[in-house]
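Next come the chains, spelled out residue by residue.
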Amino acid sequence: MKPLAWFPLPFLLLAAAAPDFVLDLPALLLGARLGLDGAGRLFLGFSALLWLLAAHYAAGYLREDPARGRFMGLFCLTGLGNLLLPLTLDAASFYLAFAVMTFAAYGLVVHTASHEALRAGRIYLIMALLGEMLLLTALWRLAQTAPSLLVADLAAAARLDPAACALLAAGFGVKTGLPLLHMWLPLAHPVAPTPASAVLSGAIIKAGVLGWLRFLPLGAAALPDLGWTLTGLGLAAAFLGVAIGLAQSAAKTVLAYSSVSQMGLISVGVGVGLAHPELWPALAPAVGVQVVHHGLAKGALFLGVGLPAGRWTLAGLALPALALAGAPLTSGALAKSALKAPLPEYLGLMLAVAAGASTLLMLRLLWLLRARPRAERADARMTLSWAGALIAVAGAPVWLSPLLPELPPPAPWSAAWPVLAGLAVAAALFRYPAPIPGIPPGDVLAWLEPGLTRLWRALLRGVSWPDRLAAGGKADGTPRPGP
Amino acid sequence: MTANEALPLGVLASSLIPGLIIFALPEARVGLRTALNLFGAFAKLVLVGVLLAGVAAGEDYGFRHSVLPGLDLVFKADALALLFGALSTLLWLFTTLYAIGYLEGSPHRSRFFGFFSLCVTATMGIAMAGNLFTFFVFYELLTLATFPLVVHRGTPQAMRGGMVYLAYTLGGGAVLLTGIVWLHGLTGSADFAHGGYLAVLGGEHAMQLQMIFLLLIAGVGVKAAIVPLHGWLPQAMVAPAPVSALLHAVAVVKAGAFGVVRVVYEVYGVEFAQSLDLLTPLALAAAVTIVWGSLRALAQEDLKKRLAFSTVSQVSYIILGVALFGPLGTVGGLVHLVHQGVMKITLFFCAGNYAETLGIHKIGELDGAGRRMPLTTVAFTVAALGMMGAPATAGFISKWHLGLGALEAGMDWAVWVLIASSLLNAAYFLPILHRVWFTPRARAWPAERIPARGRLETGWLLLLPTLATAAMILVAGLLAGADWGPLAWAKRITVWEYR
Numbered sequence: 006m007k008p009l010a011w012f013p014l015p016f017l018l019l020a021a022a023a024p025d026f027v028l029d030l031p032a033l034l035l036g037a038r039l040g041l042d043g044a045g046r047l048f049l050g051f052s053a054l055l056w057l058l059a060a061h062y063a064a065g066y067l068r069e070d071p072a073r074g075r076f077m078g079l080f081c082l083t084g085l086g087n088l089l090l091p092l093t094l095d096a097a098s099f100y101l102a103f104a105v106m107t108f109a110a111y112g113l114v115v116h117t118a119s120h121e122a123l124r125a126g127r128i129y130l131i132m133a134l135l136g137e138m139l140l141l142t143a144l145w146r147l148a149q150t151a152p153s154l155l156v157a158d159l160a161a162a163a164r165l166d167p168a169a170c171a172l173l174a175a176g177f178g179v180k181t182g183l184p185l186l187h188m189w190l191p192l193a194h195p196v197a198p199t200p201a202s203a204v205l206s207g208a209i210i211k212a213g214v215l216g217w218l219r220f221l222p223l224g225a226a227a228l229p230d231l232g233w234t235l236t237g238l239g240l241a242a243a244f245l246g247v248a249i250g251l252a253q254s255a256a257k258t259v260l261a262y263s264s265v266s267q268m269g270l271i272s273v274g275v276g277v278g279l280a281h282p283e284l285w286p287a288l289a290p291a292v293g294v295q296v297v298h299h300g301l302a303k304g305a306l307f308l309g310v311g312l313p314a315g316r317w318t319l320a321g322l323a324l325p326a327l328a329l330a331g332a333p334l335t336s337g338a339l340a341k342s343a344l345k346a347p348l349p350e351y352l353g354l355m356l357a358v359a360a361g362a363s364t365l366l367m368l369r370l371l372w373l374l375r376a377r378p379r380a381e382r383a384d385a386r387m388t389l390s391w392a393g394a395l396i397a398v399a400g401a402p403v404w405l406s407p408l409l410p411e412l413p414p415p416a417p418w419s420a421a422w423p424v425l426a427g428l429a430v431a432a433a434l435f436r437y438p439a440p441i442p443g444i445p446p447g448d449v450l451a452w453l454e455p456g457l458t459r460l461w462r463a464l465l466r467g468v469s470w471p472d473r474l475a476a477g478g479k480a481d482g483t484p485r486p487g488p
Numbered sequence: 026m027t028a029n030e031a032l033p034l035g036v037l038a039s040s041l042i043p044g045l046i047i048f049a050l051p052e053a054r055v056g057l058r059t060a061l062n063l064f065g066a067f068a069k070l071v072l073v074g075v076l077l078a079g080v081a082a083g084e085d086y087g088f089r090h091s092v093l094p095g096l097d098l099v100f101k102a103d104a105l106a107l108l109f110g111a112l113s114t115l116l117w118l119f120t121t122l123y124a125i126g127y128l129e130g131s132p133h134r135s136r137f138f139g140f141f142s143l144c145v146t147a148t149m150g151i152a153m154a155g156n157l158f159t160f161f162v163f164y165e166l167l168t169l170a171t172f173p174l175v176v177h178r179g180t181p182q183a184m185r186g187g188m189v190y191l192a193y194t195l196g197g198g199a200v201l202l203t204g205i206v207w208l209h210g211l212t213g214s215a216d217f218a219h220g221g222y223l224a225v226l227g228g229e230h231a232m233q234l235q236m237i238f239l240l241l242i243a244g245v246g247v248k249a250a251i252v253p254l255h256g257w258l259p260q261a262m263v264a265p266a267p268v269s270a271l272l273h274a275v276a277v278v279k280a281g282a283f284g285v286v287r288v289v290y291e292v293y294g295v296e297f298a299q300s301l302d303l304l305t306p307l308a309l310a311a312a313v314t315i316v317w318g319s320l321r322a323l324a325q326e327d328l329k330k331r332l333a334f335s336t337v338s339q340v341s342y343i344i345l346g347v348a349l350f351g352p353l354g355t356v357g358g359l360v361h362l363v364h365q366g367v368m369k370i371t372l373f374f375c376a377g378n379y380a381e382t383l384g385i386h387k388i389g390e391l392d393g394a395g396r397r398m399p400l401t402t403v404a405f406t407v408a409a410l411g412m413m414g415a416p417a418t419a420g421f422i423s424k425w426h427l428g429l430g431a432l433e434a435g436m437d438w439a440v441w442v443l444i445a446s447s448l449l450n451a452a453y454f455l456p457i458l459h460r461v462w463f464t465p466r467a468r469a470w471p472a473e474r475i476p477a478r479g480r481l482e483t484g485w486l487l488l489l490p491t492l493a494t495a496a497m498i499l500v501a502g503l504l505a506g507a508d509w510g511p512l513a514w515a516k517r518i519t520v521w522e523y524r
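As they're listed, the protein sequences go chains A and B.
All residue numbers in the first sequence are consecutive under our numbering, ending with 488.
All residue numbers in the second sequence are consecutive under our numbering, ending with 524.
If you are wondering where the hints come from, they were derived from the structure by calculation, not from laboratory data.
A hint or two may mislead.
Computed cross-link-like contacts, SDA-like style, restricted to lysine to any residue with a CA-CA straight-line distance of at most 25 Å [what the hints assert, rightly or not]: (1) B:516 with A:467; (2) B:387 with A:150; (3) B:387 with A:450; (4) B:387 with A:465; (5) B:516 with A:155; (6) B:387 with A:127; (7) B:387 with A:12; (8) B:387 with A:470; (9) B:387 with A:469; (10) B:387 with B:400; (11) B:516 with A:33; (12) B:516 with A:470; (13) B:516 with A:120; (14) B:387 with A:255; (15) B:387 with A:458; (16) B:387 with A:120; (17) B:387 with A:474; (18) B:387 with A:464; (19) B:387 with A:473; (20) B:387 with A:118; (21) B:516 with A:150; (22) B:516 with A:36; (23) B:516 with A:118; (24) B:516 with A:151.
Based on the provided sequences and hints, a complete structural model is requested.
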């Protein structure tokens with residue numbers, strides 16, 4: 006188990022020290038190409054760091070779990086898929102890495118085998134499968150005209166195929182939690198063991214963003230319909246994620262909805278980039294910074310939530326919470342100002358409002374954690390991993406700012422006012438508490454699920470009809486009429 | 026007789042002669058029987074290996090014997106024959122090993138292995154048949170050789186299943202014969218040819234040729250289990266596990282699907298069949314079978330029955346690929362001929378392992394089987410994911426080419442069929458995978474017959490073939506781009522069929 010927890014280290018070293026490379030393996034799959042490029046390095050770097058921390062955290066978190074062997078095996082398999090993904094430069098190996106990550110993660114979601122975990126696992130799997138099918142259909146379409154299965158060739162083919170682009174946006178949108186494709190997210194995050202939640206929210210949902218960046222013709226073709234749809238969905242996610250998150254009473258569910266909201270900002274960036282290819286050169290690094298920032302901050306938040314509550318834990322959690330809210334000097338402020346700069350003014354303003362709302366959500370989180378009973382003593386591996394995550398969050402502005410050389414240093418006020426506004430609203434709500442409507446995790450799923458379940462049962466009854474016909478005589482004890 | 030004529034006959038003899046000797050052996054001669062079985066299996070493997078290398082280098086292998094004037098028995102070991110032949114030979118070796126372990130100590134083994142060898146002889150005859158007459162002879166021989174295997178246990182249930190099997194397959198044979206005779210009246214005796222041999226008849230016999238096509242496809246469609254001719258397959262699952270493996274992967278349904286391939290590509294020719302509007306109805310029949318088989322699989326509680334309906338669905342992937350007019354669909358169909366065999370045989374080996382070791386027959390009894398039998402369950406997982414078309418497995422390579430072929434042929438609706446089938450495959454396989462890996466065992470096993478000894482969860486003869494075929498699924502999926510292997514071979518054949 007001990008050496009297993011180090012599996013992300015080679016990937017981290019690869020991202021940190023290896024030069025860009027391309028490796029063709031024609032016999033593998035349908036002709037594989039592996040390699041490291043700029044986007045790949047960014048995704049590989051923060052994901053590997055997060056997986057490394059979460060793996061050690063898991064070793065402590067599950068130290069008394071009899072099924073920890075199975076968990077660690079699937080954890081490593083999920084991580085392997087997630088970390089190979091940025092290195093794949095052809096469709097077949099990309100799809101393979103994506104699928105390994107997706108399906109192995111099922112084992113992490115259902116690990117506790119509680120009723121909630123099994124339901125979350127079911128929903129996760131159904132939505133993941135739908136996503137896979139959307140992707141496969143898109144790839145089939147693109148491969149008709151592309152000269153090869155290299156990602157670059159498929160993305161070039163996507164310029165002329167808006168339908169395939171929509172399939173890609175939706176297929177990867179299941180991972181990134183686009184509204185109505187997000188239902189698995191607030192169910193799966195809370196039931197998974199904490200280290201798994203950290204990588205789910207920190208790294209795995211980012212794989213969907215990598216998919217968008219790799220396959221969509223960003224900066225090469227204008228797709229205004231799809232672009233503005235994605236932008237609208239992103240804005241909806243940004244605000245509704247906060248609104249529904251505020252109505253949650255479990256800390257990890259609050260964090261899951263915060264992820265939906267933060268991923269919405271990325272959808273806005275990608276959506277505007279699709280509609281306005283000329284803005285993409287400025288948006289691309291901003292999206293990258295938002296991905297890394299959210300990955301590290303959300304990872305640190307989840308890892309902290311799994312630790313015994315206490316003054317120090319709360320104080321430590323304040324750092325990634327402030328970063329997510331976009332407080333000055335944090336990676337969040339950097340990401341927001343980078344994202345805002347190329348956007349039209351009204352969108353920039355909406356992002357600032359979303360940041361203020363995020364402040365409110367983070368306060369809700371800390372408020373929920375305050376009341377938690379003290380758990381047993383934390384394992385040293387857990388505390389150390391969490392400390393590592395906090396250091397990464399604190400240092401993120403330093404190592405992310407070289408990605409944005411043209412960005413003027415953010416004015417402290419523009420980052421501070423949404424946070425202060427959020428604090429003010431929170432204070433007002435504290436003084437004059439309003440009743441919070443109860444919204445079940447998974448929101449719209451609560452309406453959809455009973456109908457869909459009934460439909461499925463009816464289908465099962467229907468297709469077992471010939472069997473019942475054959476067994477009919479025996480089943481109810483009456484002999485069948487003779488010939 | 027030259028070596029190139031003798032080799033195809035040697036392939037037949039390598040299982041026929043051991044089979045005939047085994048019939049005569051007394052029950053107690055276990056060692057000799059096993060030696061004969063394995064000698065035959067390995068000899069056939071070597072001979073087929075020689076043929077593969079020869080065909081790859083451009084050699085022609087064939088044998089012709091005139092039965093009556095104008096009626097020839099023709100064997101031809103071409104690339105298409107070897108695609109099926111190599112699959113059957115390889116899987117026969119594993120099935121033989123498995124059967125030796127499975128039937129250890131049970132009665133009537135000489136009879137069983139005798140018919141087992143005849144069955145594979147018939148399959149190789151079907152693979153190498155060079156004209157419809159030869160195909161028909163071995164197709165019927167296969168029916169007769171498999172019947173005693175299906176009813177091997179002799180229970181009333183087995184006899185009932187066997188009678189259903191016989192009724193369907195003999196009926197199919199009669200329909201096939203009608204089609205062959207009718208066609209013979211039109212063209213005389215003609216050999217299978219790349220691109221078909223009927224195009225010369227032109228459009229004037231279109232009506233007759235369409236009727237004949239229907240008869241031929243209905244005839245082979247019984248064995249290929251095309252809906253509504255599939256009723257025998259779920260009934261025949263009463264047979265012992267190695268026989269199910271044989272029926273579902275090596276011989277019977279595969280012979281039917283292979284018959285469809287020969288009829289479409291080498292009797293009619295794919296382009297002529299398209300010009301007669303025969304391919305779209307065939308694709309529709311395949312699509313209905315794919316979806317209906319999957320839906321019916323969903324309703325089954327018995328593991329082998331669910332696998333049987335899964336076969337109904339999966340074999341029609343081959344037929345769908347054949348019916349998609351275009352090289353990519355052909356590649357997908359041909360490569361699935363191999364892939365489906367390897368995946369389904371693994372699943373039946375696993376089902377046999379669960380039944381023999383722990384007495385598990387129902388899906389509901391599989392809780393926690395992964396902990397007790399991890400290797401079998403890993404093999405089952407790989408094969409089930411393969412059936413769903415998950416990447417890294419052979420199934421993905423098939424599905425990928427079929428989807429490309431559907432779009433290439435302008436039959437976009439077939440993509441929906443593939444998507445629906447993938448989702449349904451997930452719906453009936455993933456709950457099993459959840460059970461074996463994640464549901465803890467609450468009760469004792471139904472009937473634990475083989476105790477675990479150290480790392481060995483069951484008999485090694487049951488385990489070894491299972492793991493070998495599971496590994497083949499991954500190799501075919503991961504190294505699909507290699508210039509050997511099923512995909513490369515299917516591409517080679519496709520080039521010839523669309524000259």
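Given pair status - residue 473 of chain A, residue 387 of chain B, alpha carbons within 25 Å: holds, 17 Å
Hint consistency between residue 516 of chain B and residue 118 of chain A [alpha-carbon to alpha-carbon, up to 25 Å]: Roughly 46 Å separates the two Cα atoms, so the pair is violated.
Compare the distance between the alpha carbons of residue 387 of chain B and residue 118 of chain A with 25 Å, and conclude whether the hinted pair is satisfied. holds, 22 Å
Assess, step by step, whether the Cα of residue 387 of chain B is no farther than 25 Å from the Cα of residue 450 of chain A, and give holds or violated. This hinted pair is violated, its Cα atoms lying about 32 Å apart.
Residue 387 of chain B paired with residue 469 of chain A [C-alpha distance capped at 25 Å]: holds, 16 Å
Given hint residue 400 of chain B paired with residue 387 of chain B - CA-CA distance at most 25 Å: holds, 20 Å
Going straight from one Cα to the other, do residue 516 of chain B and residue 150 of chain A come out at no more than 25 Å? holds, 19 Å
So if I understand the rule, the pair passes when the alpha-carbon distance is 25 Å or less; does residue 387 of chain B with residue 150 of chain A pass? Distance ~47 Å between residue 387 of chain B and residue 150 of chain A Cα, so the pair is violated.
Take the C-alpha atoms of residue 516 of chain B and residue 36 of chain A, compute the straight-line distance between them, and say whether it is at most 25 Å. holds, 15 Å
Given the hinted pair residue 516 of chain B and residue 151 of chain A, is their Cα-Cα distance within 25 Å? holds, 19 Å
What's the verdict on residue 516 of chain B and residue 120 of chain A, does the C-alpha distance respect the 25 Å limit or exceed it? violated, 49 Å
Given the hint that residue 387 of chain B pairs with residue 255 of chain A, test it: the Cα-Cα distance must not exceed 25 Å. violated, 39 Å
In this structure, the hints that do not hold are numbers 1, 2, 3, 7, 12, 13, 14, 23, in rising order.
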